[in-house]
Amino acid sequence: LAKTTQPISMDSYEGQEVNITCSHNNIATNDYITWYQQFPSQGPRFIIQGYKTKVTNEVASLFIPADRKSSTLSLPRVSLSDTAVYYCLVGGTGGFKTIFGAGTRLFVKA
Amino acid sequence: EAGVAQSPRYKIIEKRQSVAFWCNPISGHATLYWYQQILGQGPKLLIQFQNNGVVDDSQLPKDRFSAERLKGVDSTLKIQPAKLEDSAVYLCASSPSGEVRETQYFGPGTRLLVL
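Order-wise, the sequence lines are chains F and S. Take the first sequence: its letter number 78 is residue 60 in the numbering used here, and every next letter is one higher. Take the second sequence: its letter number 39 is residue 1235 in the numbering used here, and every next letter is one higher.
Heads up, a few of these hints could be off.
Quick list of in silico lysine to any residue cross-link-like pairs, SDA-like style, CA-CA up to 20 Å [claimed, not checked]: (1) Lys(-15)/F with Gly1236/S; (2) Lys(-15)/F with Gln1237/S; (3) Lys1240/S with Phe82/F; (4) Lys1240/S with Ile(-10)/F; (5) Lys(-15)/F with Asp1252/S; (6) Lys1240/S with Ala84/F.
Bear in mind the hints are in silico, worked out from the structure with no lab data behind them.
When you get a sec, could you build the whole thing from the sequences and use the hints?
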């Protein structure tokens, strides 16, 4: 199972772009990279998923280099409401366990 | 579309007592997950059901924890007897068919405090 490593915490200011990088050196060929967001007193919520290159949706972008050993979640112009914990998960098909790491605590300041 | 429902939202018990949590997944979702989230940590998978069968319970402390999903819809997680270290949020999630790359939809969780 591919293990992930993320920064424990990050601070930012409103309106800035935030990039959170996740390392997954042992990623397997079948593995996808998925990011979840968790607010206090809520369950995690899916943000974005990708396999390679770049994926963009209405919330975030996900950049994955060619070797796929890391990925970067990019949140454009963050607001106070983006203060949350962000989890990077790596897994593929075929019954792999879902493993959440400790996540990255993002704190957005005014 | 209704989300994943969990009850109760909060529970306080004394050690050695029993407690049960209930989860109703999103309609039509075959896969149901129970996670334990200790303060400051990420969720840890306890058990995964596919319909009414167990797919993975390798991290479930089976001497005290049990879970069932009898009709392949809602599920109950029980702790008997509870220990202080069981204080955590218990999250239920569901997904359509259980592939890891599928989005999991989480409920609000049940916060358990064991005194």
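* In ascending order, which of the hints set out earlier in this document are inconsistent with the structure? -> Going through the list in order, the structure violates no hint and respects every one.
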